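For reference, the chains in residue letters:
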Amino acid sequence: MASIWEYANPKKFTRTVDVLLPPVAVLAVLALVTGLVWGFFFTPDDYKQGSTVKIIYLHVPSALLAINAWLMMLVASLIWLIRRHHVSALAARAAAPVGAVMTVIALVTGAIWGQPMWGTWWAWDPRLTSFLILFLFYLGYIALWSAIENDDTAADLTSVLCLVGSVFAILSRYAVNFWNQGLHQGASLSLDKEENVADVFYFPLLVCIGGFVLLFVALVLLRTRTEIRARRTRALLARERMT
Amino acid sequence: MIPDLGKYAGAVLSSYAVSITLIVLLVAVSLWRSRRAAQALREVEERVKRNG
Numbered sequence: 000m001a002s003i004w005e006y007a008n009p010k011k012f013t014r015t016v017d018v019l020l021p022p023v024a025v026l027a028v029l030a031l032v033t034g035l036v037w038g039f040f041f042t043p044d045d046y047k048q049g050s051t052v053k054i055i056y057l058h059v060p061s062a063l064l065a066i067n068a069w070l071m072m073l074v075a076s077l078i079w080l081i082r083r084h085h086v087s088a089l090a091a092r093a094a095a096p097v098g099a100v101m102t103v104i105a106l107v108t109g110a111i112w113g114q115p116m117w118g119t120w121w122a123w124d125p126r127l128t129s130f131l132i133l134f135l136f137y138l139g140y141i142a143l144w145s146a147i148e149n150d151d152t153a154a155d156l157t158s159v160l161c162l163v164g165s166v167f168a169i170l171s172r173y174a175v176n177f178w179n180q181g182l183h184q185g186a187s188l189s190l191d192k193e194e195n196v197a198d199v200f201y202f203p204l205l206v207c208i209g210g211f212v213l214l215f216v217a218l219v220l221l222r223t224r225t226e227i228r229a230r231r232t233r234a235l236l237a238r239e240r241m242t
Numbered sequence: 000m001i002p003d004l005g006k007y008a009g010a011v012l013s014s015y016a017v018s019i020t021l022i023v024l025l026v027a028v029s030l031w032r033s034r035r036a037a038q039a040l041r042e043v044e045e046r047v048k049r050n051g
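Respectively, the protein sequence lines represent chains A and B.
If you read the first sequence in numbering that gives the first Met the number 0, its first letter stands for residue 0, the second for the next number, and so on.
If you read the second sequence in numbering that gives the first Met the number 0, its first letter stands for residue 0, the second for the next number, and so on.
No wet-lab data here; the hints were simulated from the structure.
Computed from a prediction, not measured in an experiment: that's the story for all the values here.
Treat the hints with care, since some could be wrong.
Claimed, not checked - To give a feel for the contact side, a few chain A residues facing chain B, derived at Cβ under 8 Å: (1) Phe40; (2) Thr51; (3) Leu57; (4) Val97; (5) Val100; (6) Trp112; (7) Gln114; (8) Pro115; (9) Leu218; (10) Leu221; (11) Arg222; (12) Thr225; (13) Arg228; (14) Arg231.
Claimed, not checked - If you want a taste of the chain A side facing chain B, the calculated C-beta under 8 Å gives, among others: (15) Asp45; (16) Gly49; (17) Ser50; (18) Ile54; (19) Val103; (20) Val107; (21) Leu236.
Note that beta-carbon positions come from the ideal geometry of N, C-alpha and C, so glycine has one too.
For reference, chain A alone in the conformation it holds in the complex:
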């Protein structure tokens, strides 16, 4: 069986992306369209929240991805720090803008949902605040990559920043459990069936989450391939200048 480290070879990784990307992208679009159409058009209003419950199909998947994109970046950063595989550092870099956009979607849809339900767009609630800090970490991470010319130094420093930011990614997930205060309710999805949202909302939500995850995978594959090509171009240009 081929070792996973074979994919640390940029050429092998790029060839694999060429094969994987089209089916993953098609599946992502199918799942997203199915989940959102199902959720928007074919689910009833909630007895308490009315039609605002339809925001769940955007808010929960994007919030879930905002946190998990950072955790994916953490794993990729650790691989870079320990094994010095360039592809893993570039994959972390590629995932950051996707995670940042997911965080914005979660924050904006949360504010729009919060206004009619809580009577306010924003509250300094533990989960909301840790999410805002996570977004600032995303911005800092992206800015740091752009600010440093040497790719290896940039990868080192952003990896350390990613380790520090992971505290807020984890806090964003568990803030509701750590501090028993604030406006935000507990998890909408749980292994405990009693805690889950009703089945009529649960199944389209699962399809939406699947769609968002596939979209994330497709975008990270595409963007990592872009980063690999851009890095190769920079290397060839540098070699050209030296001759």
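Go by the hints and put chain B onto chain A.
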């Protein structure tokens, strides 16, 4: 065709509009950068090959 969203129509529709716009923009920028990077690499590789 649009379900009756009642008094929350503005909130629900603006959530969908903002989210879908951001996702479409993210996909469009990613595709545009991908094409540009592929083109730049092709040009440099051809030049390197030509110049030996």
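Going down the list of hints, with the structure as the test:
1. With a least beta-carbon distance of about 6 Å to chain B, the hint placing Phe40 of chain A at the interface is held under the 8 Å criterion.
2. Look at Thr51 of chain A: its Cβ gets to within about 5 Å of chain B, closer than 8 Å, so that hint holds up.
3. Satisfaction of the interface hint for Leu57 of chain A is found here, the shortest Cβ-Cβ separation to chain B being roughly 5 Å, below the 8 Å cut-off.
4. Annotation: Val97 of chain A was flagged as interfacial toward chain B, and the flag holds, the nearest CB pair being 7 Å apart, inside 8 Å.
5. For the restraint placing Val100 of chain A at the interface with chain B, the shortest Cβ-Cβ distance is roughly 5 Å, inside the 8 Å limit, so the hint holds.
6. Interface hint at Trp112 of chain A: satisfied, since its Cβ lies 7 Å from the closest Cβ of chain B, which is below the 8 Å cut-off.
7. For Gln114 of chain A, the shortest C-beta to C-beta distance to chain B is roughly 7 Å, which falls under 8 Å, so the interface hint holds.
8. Below 8 Å, beta-carbon pairs count as interface contacts, and Pro115 of chain A has one with chain B at about 6 Å; its hint therefore holds.
9. Hint status for Leu218 of chain A relative to chain B: holds, with the closest Cβ pair at about 6 Å, below 8 Å.
10. With 8 Å as the threshold, the beta carbon of Leu221 of chain A comes within range of chain B, its nearest partner Cβ sitting at about 5 Å, so the hint holds.
11. At its closest, the beta carbon of Arg222 of chain A sits 5 Å from a beta carbon of chain B; the interface hint therefore holds under the 8 Å criterion.
12. For Thr225 of chain A, the interface hint holds, the least distance from its beta-carbon to any beta-carbon of chain B being 5 Å, beneath 8 Å.
13. The restraint placing Arg228 of chain A at the interface with chain B holds, with a minimum CB-CB distance near 4 Å, inside the 8 Å limit.
14. With a least beta-carbon distance of about 6 Å to chain B, the hint placing Arg231 of chain A at the interface is held under the 8 Å criterion.
15. Violation of the interface hint for Asp45 of chain A is found here, the shortest Cβ-Cβ separation to chain B being roughly 10 Å, above the 8 Å cut-off.
16. At its closest, the beta carbon of Gly49 of chain A sits 5 Å from a beta carbon of chain B; the interface hint therefore holds under the 8 Å criterion.
17. For Ser50 of chain A, the suggested interface contact is upheld, since its CB lies about 4 Å from the closest CB of chain B, less than 8 Å.
18. Nearest Cβ of chain B to the Cβ of Ile54 of chain A: about 5 Å, under the 8 Å cut. The hint holds.
19. About 6 Å separates the beta-carbon of Val103 of chain A from the nearest beta-carbon of chain B, less than 8 Å, and the hint is met.
20. Proximity of Val107 of chain A to chain B holds as hinted, the smallest CB-CB distance being about 5 Å (cut-off 8 Å).
21. The closest approach between the C-beta of Leu236 of chain A and any C-beta of chain B is roughly 6 Å, which is under the 8 Å cut-off, so the hint is satisfied.
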